[in-house]
Structures are given as C-alpha cells and as structure tokens.
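2 protein chains.
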Amino acid sequence: MPMLAHIRQSRLVHALQRVMRALPAQSPMPILSGLYMEARPDGVTFVCSGFGLRMESELAAQPDDVRIETPGTVVIPAKQAYELVRKLPDGPVSFEAGADGRTVTIRTDATVCRLWSMSPDEYPAASSLEPDRHRIRLRSDELKTMIRQVAFAVSPSETRPILTGVSCRFDGGSVKLVASDGIRLASRQSPPGSGGDGEPLEVVVPGHHLNQLMKTLEDDGQAVTDISVRGARIVFASRDWSLHSALLEGAYPPTDNVVPRSVSARIGIGTAPFLQALERVGLLAGEGSIVRLATETTDDGRFLRLWSDTAELGDIVERLPIFGSEGGDFAVSFNGKYMLEIVRSIDCGALHLQFAGPLRPIALRPAEDGDRLFYVLTPIRTHV
Amino acid sequence: MPMLAHIRQSRLVHALQRVMRALPAQSPMPILSGLYMEARPDGVTFVCSGFGLRMESELAAQPDDVRIETPGTVVIPAKQAYELVRKLPDGPVSFEAGADGRTVTIRTDATVCRLWSMSPDEYPAASSLEPDRHRIRLRSDELKTMIRQVAFAVSPSETRPILTGVSCRFDGGSVKLVASDGIRLASRQSPPGSGGDGEPLEVVVPGHHLNQLMKTLEDDGQAVTDISVRGARIVFASRDWSLHSALLEGAYPPTDNVVPRSVSARIGIGTAPFLQALERVGLLAGEGSIVRLATETTDDGRFLRLWSDTAELGDIVERLPIFGSEGGDFAVSFNGKYMLEIVRSIDCGALHLQFAGPLRPIALRPAEDGDRLFYVLTPIRTHV
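Chain order of the listed sequences is U and V. According to the numbering used here, the first sequence holds residues 947 to 1330 in order. According to the numbering used here, the second sequence holds residues 947 to 1330 in order.
To be clear, the hints were calculated from the coordinates, so they are not data collected in a lab. Note that the structure is predicted; figures quoted are calculated from it, not measured. You may find that some hints are simply not true.
Since the list gives no way to pick out one identical chain from another, each pair is judged satisfied if it fits inside one copy or across any two copies.
To be verified - Cross-link-like lysine-lysine pairs, in silico, DSS-like; alpha carbons within 30 angstroms at most:
no. : residue 1 : residue 2
1   : K1122     : K1025
2   : K1033     : K1122
3   : K1161     : K1033
4   : K1122     : K1161
5   : K1033     : K1283
6   : K1122     : K1283
7   : K1122     : K1090
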C-alpha cells in the first residue's frame, strides 16, 4: 500500500535506536529482521521484535518534524534502514512506498535509497490486550536504578532457566526485584509508586529483557513508567515507547530465608575504599577469583584485611579501616568478582557486612537506609 | 639484588602505558611476559619487548616524584604490575627488592603486593649500537600524521610478507612512507626535517610496529623524534621513550610507476560530502563492497553519482556536486571500504580524483598542496 511520511533525522534516530534493542541478532523467521513502520494521520509507530521481546516507539505528528502525507504500513530491512538513517545529516527524511508496496524509498536531497518491503501482514501483532493482572506506575529513573542493582545477579546458565530471570513481586503500589544464581542474591524493593491495582502477584522476567529496558528508561527525573502484567506478558510503557516481554514459566525458588537470622558479627566500611581494594586484590586472585577477608584489631584500631595469591605471580594484601563494628574478629573467603559486582551496584557511601559464621552467607546492605536493598554472597570453603 | 625506588603513581602509569604496547599477547619465552625495570641514581628505565619490537620508557630522578634510594634491576610480571599501578590512587608508590632478588614488593599506604622477580640476566638486551646508516629528526606530530595516512594500507596477509610493512625511503633530511597491499597504495613524503646524515636508504618497517609508534608519538606540536637506522633495526627516540623495531627482510616492490602518467579526466570534490556518501552507499554494497561511480552533466551542472545494490535488500544512489573538472564523463567501480579508508585519511577540505581509463588505477590527492600525499586504488571490473 502507498505511504508518504516526512520525518526529521534526529527524531528518527532516537525512535529507531530504541526499537533496535529488540532486533534479534539472527532469526529463523526473515520477517523478524524487519522494521515495522506504521504511519497514521496522528503519528508513526516503529516496531522490532524477536524471542519474546517487542519494542514499540512512537513519533506523534508535528507540523515541522513529523508530517504524514499518506498513511500506510511497511516492513523494511531494520539494520540497513537504521544504519542509513544514522549516517544521514540532520534534516527532513522522506519515506515513500509505491502503490504496489514492493519498495520503500528513503530520500533526502543527496540520497535516494530503495529498500524491498516485506509484507506487513506477516509481521507478528502485539499480543491481544488481555485484562491487567496488576498495574503500577514508578518513576523511570528509580526503576532504572533498581534494575541496575539487581539484574546483574541472574544466572548466565540455562541449567535452571528460572534463574536467568528476575523475580518481580507486586504488592500494592510497590514491587520487589530479586535475582540470584544460587551463589549470590540481590534484592531491591521499590519506593512506593502509584496504582497497585490487582492482587499481589509474582512474575519472572528474563534478565536480558530488563537490561534492554534499563538502556531505554529515561533518567531525567521527570518520566514515569507504567508496568502492567497481562496474561503471560509484562508491558513497560512510557510516554512514547513500550517494551513487551514474555514471562518465564515456572515458580521462582523461595528466597525469604536466604539471609541468616543469627548474626555473629557486623562491620561498617567505606564503599569506595572497599571497591578499590577489591579491584586490586582481584588482580592476583587467579582463575578461581578467591579473595580472603579477615578483621584484625591492632593498637591503631580495627581493620579489614583482604588478600589473594597466585603461585606463579605473587600475593597482595589490602588493609582498610572499619567503623561501627559489632561482634568479634572473623575470617571468610569468597569469589572476588562476585563481591566486586555487588559493591559496584550498591550505590552508597558506606555499607555494612554481616556474618553468621565462616560458611554461612555474607549479607551486605547500605549503611544508611538499608531496608530496601540487600545482597547475599555464599562464601568459598578454603583449606588455608 | 636489592632495589628501592619511590615513584609517583601518575608518572608510573604514563611510563608503563607506553612500554606495555610492546608486550606480546603470548610469548613462547616466559621472560618476555616481564617488565624490565632498572633503577639508577639518575632515574628509572622500563622495558617491554617481543617479536622484533622493543619499547623503553625513562623517568628521570626528581626530588618529589621519582626518588631512587637503592639502585637495582628487576623483571616482574608486566600485566599484573601495570594493572595494579593503574588501580592505585595517585601518590607515592615504592618498589623494593629484597637482597635475594626473589620478590619485588610494590607498596602504598593501603596496599602491599609481592611479585616474583624473574632474572634480569635473562632479559634480552637492546641490540648493540651499530653505526647509524641514516639519521633524521622530525616533528613528532607530523610523523604521527604521516603514519596515520599511510600505515592502514599495508597488506594484512602474510602471502607477501614484505607488503605487511611500510617502505621508508630516506633521502637527505626527509623520508617518504609508502604502503600497499597490491590493490591500493598510499604514499606520503615528510616535510623537510633536520639531519639527514647518511646515504639515501630504503628500509621496510612492520606496519604493526608503526601503529604502536603512532599511539606513542606526542601531538603537542613541541616534541621531536629522532629516527635512526642501525644495522637491521630502526630506532625512533623521543625525550623520554624509544621504540626499536626489526626491519623486514627483502626489497620493497617498485612503486614509482603505479600512478598512470596519462590522465583522461580529473574532478574536484568536497572531502566531507564524499566521505559521508561513501559511508551510506557502503551499507548496500554487500560482501564484495562494490561501489559504482560516474560523472553526469545536467542543466544544473556536473555531478558525481555513487551507487550500490544488494539483490535481497535494495539499492542506494548518492549525488554530489563536482568542482573544477577536466576531461569528459567517465564511470568506474571500486571497493567501497578501500575508498572509504583512503578518504578518511586524506585530511583536506577538497580532493582531486584522477582517471586514466575504466580499468586503470584511480589516483587521489588533496586539492591543495597535493605534492606530498597521494593514494592509488585499482578499480574492480564489473559487467553491468
């Protein structure tokens, strides 16, 4: 069918960049290599989708930047269309489909590019609008922080597919995200949002899709995101884009008892010095990434020692001041890379480390306001 | 042997970053994974070397930043030492070797790292100082530009090993760099430098080593680099570093007759519009990267057309204004990626394209001051 739309290049790039995040690197279905583009009198919708993820981006009609002369729908090669638009100078870009619908011509003053159109009828439709099972609204920047603090902890292995996802527990106007690979666990409760319609509900969202969402979420402090669970999908929608993700099937393992209830010792430590010490001590931690930790009490006060060694290279010791300790001295070993990822995500000036015994999980929380975020890391048993 | 030196972290990082460029990714000789460090009363020398490339970096003794308490020489694991130094806070870092010379301790207030030392006696010495065969001095920023304009054109294939190098022809106080993979050729004459001692001489330097040199050369407009050919090596030396490269064996093929002497047409074109058009037209040029070019004369003036197509995706046409043309219309096809790399390197507001026939090499030069730099690209024979 025919189509004629004129869109400013800078607006186009922004809209296409978002949907490209859902384009599958390779797909057994050729239609999924396409960019779906629907021009209506009130604006243009772009869609890419694949593997349970769908991204839609909207450009509302505007006299200067987005003009629709003839409504129509096409599907063109997504990668080439995006790369071309990126390399065009800022200014008007026209998209024109002939009456036969076989080609779409992308045109500026200097460039004329004809791309073969695939059939829009073959493009998968958005899932039908099943009734909401739950719906809440959160600030986009807060949702972005929550995902960054949690999603890194999912399992990279398909051995237990449910652990490749992030558990999202909706209860009233807030949501709690939990991710774990069995060795470490990250848990983050949202600040109170608005809405919260529906029964309390737990769903599991692929971690990979939340990472794409994180890149899309605005962090200007103004934008809000509506989250709704509909049937077997979750939809995240902002003013001019939406991300639709299939849910993982199966129940997420219970995590309420992961943090040991008994505490044998607790220390406070500066997050930045701890992070830098972990980065250095990791250099000699070898393939197993084993880092040892112990507290020590000297005439100068209490300190945390971190150390590691590699037989062929050497050893390294770091020493950091402790503040606000409870309980006696203790020693434990852990995976240094896992600890590093946790401490990089914790976003606070100081943190608390909490121990229940040499082989019991270590808990970490921000020293201030530590009710909404915590991490758990299982120690490594060592013989030295 | 014992050693004790105190060096400021920011100075250390800078010195080590340079020598790390010569560290082989993998080496059959364990000693070459080491960082050679020699502390003398007047300063410290760091060395990494491998595969015909050696980088030395100097830090002169200074009361605040570089203090040598006990001279000595050690060889420590280069990668770990560099990564550790990079991750230390700015401030004094001490290097201490015990009397047995088995370990080197790198120490700051918070960090104590012991690295096993290898034997400095096993570390390869710099080649003995054979007499200079030629020596000139160039401005470092000009040498950097010359290498960037030429070294990309070397052959990536070892089929003809001599073509993986850059020919350097010394004659009096200037040097001409030439690189070619047999399809394209880049040639750049230096501005007059100083020195120029010795007979006219042609040597061939591995392109990979010149790329490492390019990253090292200062572009502040102040620094100078001394180039000397000694035996089978070339040495590039600035105030506080030197790069030693083995020469490639064999004669570089003659290139003086590569540019066709007869010219059937010549056009001028803006470099930036040509570059952007090549970037876009390359998107549909397919695996063979075939781009077609033709001039056309219309009522509006003369234009250059560039186009390409991919059967499964579509086609693209670009149209650019021509200025200052000589000769009639012509058409030619070429490898778009090769042309793109040439136009990215030419550094000028406008360039001249020169043709001698549809299958004769295309020559490119800057429109202004085009005596010192030119490129040649062999066309592709097409049947359309």
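Structure-based check of all given hints:
Neither within a single protomer nor between protomers do K1122 and K1025 lie at most 30 angstroms apart by alpha-carbon distance, with minima of 36 angstroms and 42 angstroms respectively. For the identical chains of this complex, K1033 and K1122 are neighbours neither inside a copy (41 angstroms) nor across copies (35 angstroms), given an alpha-carbon limit of 30 angstroms. In this homomeric assembly, K1161 and K1033 come within 30 angstroms of each other (Cα to Cα) both inside a single copy, at 22 angstroms, and across copies, at 28 angstroms. For a Cα distance limit of 30 angstroms, the shortest separation of K1122 from K1161 inside one copy, 20 angstroms, qualifies, whereas the shortest one across copies, 48 angstroms, does not.
Taking the shortest Cα distances, K1033 and K1283 sit within 30 angstroms of each other only across copies (15 angstroms), while inside one copy they are farther apart (39 angstroms). Taking CA atoms no more than 30 angstroms apart as the test, K1122 paired with K1283 passes inside one copy only; the shortest distance there is 25 angstroms, against 50 angstroms between copies. Proximity of K1122 to K1090 under the C-alpha cut-off of 30 angstroms is restricted to the intra-copy arrangement: shortest distance 13 angstroms within a copy versus 55 angstroms between copies.
Checked against the numbered hints above, the structure breaks hints 1 and 2 and satisfies the rest.
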